[in-house]
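Asker: Here is how the chains run, residue by residue.
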Amino acid sequence: MNPFSYTRSGTLENAVTEIARDRRAKFIAGGTNLIDLMKENVTRPSRLIDINHLSLNKIEETDNGGLRIGALVTNSDVAYHPQITRRYPLLASAILAGASHQLRNMATTGGNLLQRTRCSYFYDITTACNKREPGTGCSAINGFNRMHAILGASEECIATHPSDMCVALMVLDAVVQVTSNRGARAIPFAEFHRLPGDAPQIDTNLQPDEIITSVDLPGEGFAGNHSYLKVRDRASYAFALVSVAAALTLEGGVIKEARIALGGVAHKPWRNAEAEALLKGKPAGQDNFRKAAEALLSGARGFGHNNFKIELAKRAIPRALKQAAAGTPQSQTIKKVL
Amino acid sequence: MNNKSGVETAGNVSTSLPPKSWITLKINGAERHLEIAPWTILLDALRNLLDLTGTKKGCDHGQCGACTVLIDGKPINSCLTLAIMHDGAEVTTIEGIAKGDALHPVQQAFIEHDAFQCGYCTPGQICSAVGLLNAGKLRTPDDIRELMSGNICRCGAYPNIVAAIEQAMQSEGSAAQ
Ligand SMILES: Cc1cc2nc3c(=O)[nH]c(=O)nc-3n(C[C@H](O)[C@H](O)[C@H](O)COP(=O)(O)OP(=O)(O)OC[C@H]3O[C@@H](n4cnc5c(N)ncnc54)[C@H](O)[C@@H]3O)c2cc1C
Ligand code: SF4
Ligand code: FES
Ligand code: FES
Numbered sequence: 000m001n002p003f004s005y006t007r008s009g010t011l012e013n014a015v016t017e018i019a020r021d022r023r024a025k026f027i028a029g030g031t032n033l034i035d036l037m038k039e040n041v042t043r044p045s046r047l048i049d050i051n052h053l054s055l056n057k058i059e060e061t062d063n064g065g066l067r068i069g070a071l072v073t074n075s076d077v078a079y080h081p082q083i084t085r086r087y088p089l090l091a092s093a094i095l096a097g098a099s100h101q102l103r104n105m106a107t108t109g110g111n112l113l114q115r116t117r118c119s120y121f122y123d124i125t126t127a128c129n130k131r132e133p134g135t136g137c138s139a140i141n142g143f144n145r146m147h148a149i150l151g152a153s154e155e156c157i158a159t160h161p162s163d164m165c166v167a168l169m170v171l172d173a174v175v176q177v178t179s180n181r182g183a184r185a186i187p188f189a190e191f192h193r194l195p196g197d198a199p200q201i202d203t204n205l206q207p208d209e210i211i212t213s214v215d216l217p218g219e220g221f222a223g224n225h226s227y228l229k230v231r232d233r234a235s236y237a238f239a240l241v242s243v244a245a246a247l248t249l250e251g252g253v254i255k256e257a258r259i260a261l262g263g264v265a266h267k268p269w270r271n272a273e274a275e276a277l278l279k280g281k282p283a284g285q286d287n288f289r290k291a292a293e294a295l296l297s298g299a300r301g302f303g304h305n306n307f308k309i310e311l312a313k314r315a316i317p318r319a320l321k322q323a324a325a326g327t328p329q330s331q332t333i334k335k336v337l
Numbered sequence: 000m001n002n003k004s005g006v007e008t009a010g011n012v013s014t015s016l017p018p019k020s021w022i023t024l025k026i027n028g029a030e031r032h033l034e035i036a037p038w039t040i041l042l043d044a045l046r047n048l049l050d051l052t053g054t055k056k057g058c059d060h061g062q063c064g065a066c067t068v069l070i071d072g073k074p075i076n077s078c079l080t081l082a083i084m085h086d087g088a089e090v091t092t093i094e095g096i097a098k099g100d101a102l103h104p105v106q107q108a109f110i111e112h113d114a115f116q117c118g119y120c121t122p123g124q125i126c127s128a129v130g131l132l133n134a135g136k137l138r139t140p141d142d143i144r145e146l147m148s149g150n151i152c153r154c155g156a157y158p159n160i161v162a163a164i165e166q167a168m169q170s171e172g173s174a175a176q
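Protein chains in written order, with numbering that gives the first Met the number 0: chain Y, 0 to 337; chain A, 0 to 176.
This is chain A alone, in the form it adopts within the complex:
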């Protein structure tokens, strides 16, 4: 039950909710200031507080990859981390993968290869692949199949997803030469 001071009382024990605090996230290149509770999950902060709904909630338990975003360039599951832990970090979501109107090669390849059906897993698939390519971890189609296993696709678009990432991998390889 709440009393006037906003302090919850249970019998004669009074407990107050731990305070919110201000954090700064550099999201897709722009600094955003947020007042959040300690228990706010990064995924929920992105979707509910910042209206960046491109990042999806699939399982909410690290089991599907739909919530994949890049933190300081590295792909992670945003459903298993607290926003408050990333004060000062750079976060890239699917909304920040393209350069203005120019699609990222992975995005372009997903379109060319029809690498989705419902599209729900796609933002996570793309962020995951972009992070892996940037880190130089993809060299063969087997690498793609193994390292992309953290991104489940309920529609089963896997053959086209692998083909799309393979195309991006090759164009990146030839661009680097």
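Looking at chain Y on its own, in the form it has when it is part of the complex:
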């Protein structure tokens, strides 16, 4: 790890002033992604600004009937919070499907959004990687790409975003609140992460001088009909090959509203309005679920080792929708998929 200097910020004003002063400085929250990347010399900040003492660690009700999750609330504290488990069980489930309890005790809400890809070439500084060093090429596209994207990739980068929590936040239409010296703004979740295009070094639309202050959840939590189904190489403590967050509003067996997001398949949590529209007003049954899955995977492309993910996603989507419709969400403790 390269030497760096360290400061602790006590106020939001101080944190945004410090980050604006030094282009090579970085915030540190839980540290579970940043320190890992620093150990590998993938990230070499000159200075770390420790934000753990800012008062961004509360979960509060918002005026519009939703919840505001402070950027520093740990993944564990979100997943076990009574309001979250009661009103937003899909979010709790997605969080508990990720990492380990030790990591979730450290990882924060803001840090989870900004975790970087687990592409092994990105982590290996002896290889070419456009995300790590723009212009050097993508080692994965003709290399080992079993974990890589099948949707929304570019010739420059086929990496996936590894978060589980973000897949649920995408379905819930969360809003990311950010601030800087220039003022505060709200970013709808669907616009927070970006596709790689010709600038794969940029993961999100957050500006370098901005800090995430909270993630806001709207009132509707789909507590009745939801499921988070994560398919991976081992039953726990592994990143997703494909994951599905499904949420439905039903009226008698008919779908009033359907929302589906996929994890592990693209540079951002993947949603498709057309696929969701296909389900509106239709009976909640396997035929319709399969049609939605086909629509979600339209334009999907494999790069060799990851071709299987296309069929895997096409099967996982109807399964998650079936679990959601039946009101029997996937358990993150008992791994049998019903």
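Calculated directly from the structure, the hints in this document are not laboratory data.
Treat the hints with care, since some could be wrong.
[Said to hold, decoys possible] Here's a subset of chain Y near chain A, in silico, CB distances under 7 Å, partners left out:
1) P2
2) G30
3) T31
4) H100
Glycine included, every Cβ here is placed at the ideal spot set by N, Cα and C.
Once you've looked at the hints, dock chain A with the ligands against the given chain Y.
Answerer: Below, chain A with the ligands alone, put in the same frame as chain Y:
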């Protein structure tokens, strides 16, 4: 290259290493003062500066759980955090789990169930289980299997590890009644 003032010079650009600072950690009940660089990892501070070598380094990347310690009662991976971030915190390592000569029920259960072979993962397994039990997160054997998945055992002692923690869970449950 170092000059007399300890300042590294590269061409005409001179850079000095960021300074060390003093922090206080309450480790296993005792206050310890440490002078550390910002980049000192908590795991390395425990093992190399404080000689608390019970906490193990397996992967050094959050992938195995061998380095699990409790910070303010919560299990975390000490390989992925900076010591300097925990100035003023309470750290419990495997050396602080027993009460004097009285083993913690989880430690006792590990012995009774032969829940290890080489023992390298064991300090992490025990700290992880103690933290989960204290937080009331273990109620069934399935909970144990899922929530202990952050502690890898290369020897594959898993069935005995689950049995040991189940025993501790039950004795804690009956003690609470
Ligand atoms: C072995 C392992 C397995 C894992 N498995 C999973 C998994 O299965 N599923 C999953 O979803 N995740 C998984 N993770 C990833 C984990 O969830 C993330 O590392 C974690 O959520 C990052 O949060 P943090 O607070 O530790 O971020 P940090 O490491 O502190 O920060 C990450 C980035 O965010 C920036 N940052 C942090 N907070 C803010 C803020 N408020 N405003 C602006 N910038 C900020 C930092 O500057 C840094 O660039 C795993 C991690 C490991 C090590
Ligand atoms: S997929 Fe993206 S992150 Fe991986 S090697 Fe290619 S450019 Fe780098
Ligand atoms: S050494 Fe920390 S998790 Fe492996
Ligand atoms: S007892 Fe050897 S690694 Fe677990």
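Asker: Can we keep the G30 of chain Y interface hint, with Cβ of chain A closer than 7 Å?
Answerer: holds (5 Å)
Asker: At a threshold of 7 Å, is the proposed contact between T31 of chain Y and chain A supported by beta-carbon distances?
Answerer: holds (5 Å)
Asker: Against chain A, with CB atoms and a cut of 7 Å, does the hint on P2 of chain Y hold up?
Answerer: Because about 5 Å separates P2 of chain Y from the closest Cβ in chain A, which is inside the 7 Å limit, the hint holds.
Asker: Does H100 of chain Y pass the interface hint, meaning its C-beta sits closer than 7 Å to a C-beta of chain A?
Answerer: With Cβ-Cβ at 5 Å, under 7 Å, it holds.
Going down the numbered hints, you'll see the structure goes against none, and every one checks out.
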